[in-house]
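**Q** All chains should be built: construct the whole structure from the sequences, respecting the hints.
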Amino acid sequence: MSEATLNTTPLDALNRELGGKMVPFAGYSMPVQFPAGVLSEHLHTRAKAGLFDVSHMGQASLHGAGAAAALEALVPGDMIGLKPGRQRYTLLMTPEGTIMDDLMVANLGNDRLFIVVNASRKHVDLPHIAAHLPAGVTLERHEDRALLALQGPAAVAVLARFAPAVAALPFMGVTPATILGAECLVSRSGYTGEDGVEISIPGDRATDIARALLAEPEVMPIGLGARDSLRLEAGLCLYGNDIDETTNPVEAALTWVIQKRRKIDWSFVGADKVRAMLDNGAPRLRVGIQPEGRAPARGHTEIVDANGARIGEITSGGFGPSCNAPVAMGYVDRAHAADGTAVFLMVRGKPLPARVAPMPFVPHTYVR
Amino acid sequence: MSETRFTKDHEWVRLDGGVATVGITEHAQEALGDVVFVELPEAGREVEEGEACAVVESVKAASDVYSPLAGTVVEANAAIVDEPALVNREATSGAWFFKLRLADESAFAGLMDEAGYEAFLATI
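These protein sequences, in sequence, are chains R and X. Start counting the first sequence at 5; every next residue gets the next number (our numbering). Start counting the second sequence at 6; every next residue gets the next number (our numbering).
Some clues are possibly wrong.
[As the list claims (entries may be wrong)] Residues on chain R that point at chain X, a partial pick, calculated with CB under 7 Å:
| hint | residue |
| --- | --- |
| 1 | Phe38 |
| 2 | Val42 |
| 3 | Gly229 |
[Said to hold, decoys possible] Simulated restraints on C-beta separations:
| hint | chain 1 | residue 1 | chain 2 | residue 2 | range |
| --- | --- | --- | --- | --- | --- |
| 4 | X | Phe125 | R | Trp260 | 47 to 55 Å |
| 5 | R | Ala164 | X | Leu126 | 43 to 51 Å |
| 6 | X | Glu88 | R | Lys354 | 55 to 63 Å |
| 7 | X | Ala48 | R | Gly207 | 53 to 61 Å |
| 8 | X | Gly49 | R | Arg215 | 55 to 63 Å |
| 9 | X | Thr128 | R | Ala280 | 51 to 59 Å |
| 10 | X | Thr97 | R | Gly207 | 25 to 33 Å |
| 11 | R | Asp148 | X | Leu126 | 51 to 59 Å |
Don't read these hints as lab results, they were simulated from the structure. For every residue, glycine included, the Cβ atom is placed at its ideal position computed from N, Cα and C.
**A** Okay, here's the thing in structure tokens:
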């Protein structure tokens with residue numbers, strides 16, 4: 005896709021002004037890094053606070069009595085039991101019991117759910133959801149809104165200078181907040197393993213608010229490069245790499261997203277296939293992989309056993325700046341999925357020793 | 006002072022007494038970003054012109070480094086294996102990758118000179 009046909013976010017001019025190296029991502033022109041570079045941006049986020057433009061992601065609301073019940077038909081999560089002011093990670097499912105997308109759902113109260121889906125999947129997800137709504141429930145896209153993530157140990161303290169109420173927000177809590185006069189929606193969540201927030205902002209106010217946050221001494225702009233290395237160290241899936249329409253949630257080690265009641269009613273799209281894999285065991289499992297040497301193993305690297313037989317594939321891999329070591333995740337046959345299992349990664353034709361490792365590679369510091 | 010020549014793969018080459026020292030250019034290290042891993046050829050390896058013989062990886066991606074000319078590797082720079090970040094700091098000096106005894110010294114003159122490389126960079 006040429007530069008001219010790429011979409012831009014409301015922060016495009018600011019991203020360029022800040023020296024962002026712009027690359028195409030999911031149909032958008034997005035900053036992969038700023039002048040500080042991926043390594044510094046990554047470490048800064050874990051030490052203080054990083055500001056990410058994630059406005060390419062799809063934001064939408066479901067309105068109307070029965071919105072939660074309607075969404076429950078499409079996802080394995082407990083949506084009816086999601087309390088007002090709370091958010092939950094869940095999955096849109098295909099009839100084959102595989103993952104159409106992963107998403108966040110927040111209950112804003114008054115029969116209103118707010119959802120955030122992946123940029124690369126919003127053209128699939130939103131029509132799919134809209135097609136499955138009963139009379140009286142409507143889907144409203146928020147294409148006019150920007151989304152900022154402020155992540156890191158100082159993130160909440162920084163945002164609380166503008167919106168004091170966010171200091172009291174629990175992990176996965178959601179609250180409306182007025183920031184510099186703009187009506188925003190703040191959730192205490194993120195994609196880095198750190199404490200932090202995501203802030204939905206009217207698009208025309210996003211640049212003001214981003215500038216104000218960047219003016220705080222703890223805050224640095226962060227690109228997609230560090231976003232990827234941060235989420236990989238945190239053991240979080242990237243849709244399209246680690247999960248997709250060929251992946252059952254059980255093999256993706258995402259069984260925890262199926263809340264108790266949903267394992268009794270099994271009433272979501274594809275539930276029979278998910279239940280069958282839960283009963284019979286997954287043939288392969290998503291695991292962490294820790295290379296023993298210094299060479300990173302990237303996505304699509306073949307994983308073999310001591311005899312050279314193929315047992316799986318890396319789906320995300322690279323260098324973890326906080327680990328100061330290469331880290332990866334991927335799928336291995338069930339027999340090789342136990343933590344500590346010795347495996348080999350075929351990097352440039354050579355088998356490099358590695359071990360199946362618990363994730364996250366860097367402990368989560370969510371506020372519980 | 007020995008002359009520096011360049012390739013379209015963004016390597017620099019300096020010739021001194023039949024031995025060429027090879028590294029990656031400022032443009033290359035900047036495009037790569039923070040270098041976190043380097044793999045170098047062993048001394049004694051014979052390489053063809055254009056043969057991938059070293060690897061440089063940043064947080065973002067892996068790239069091959071190609072031999073600019075045919076020859077035999079006589080030395081590899083262990084310092085950048087131990088400290089890959091040196092490639093970002095001293096791309097055209099201390100962070101050389103390997104030294105090559107050229108099979109044909111006259112081939113060096115066929116590489117781009119600095120003005121040629123600058124002109125090439127302007128086209129990409």
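**Q** Which earlier hints can't be squared with this structure?
**A** Those not satisfied are hints 1, 6, 10 and 11.
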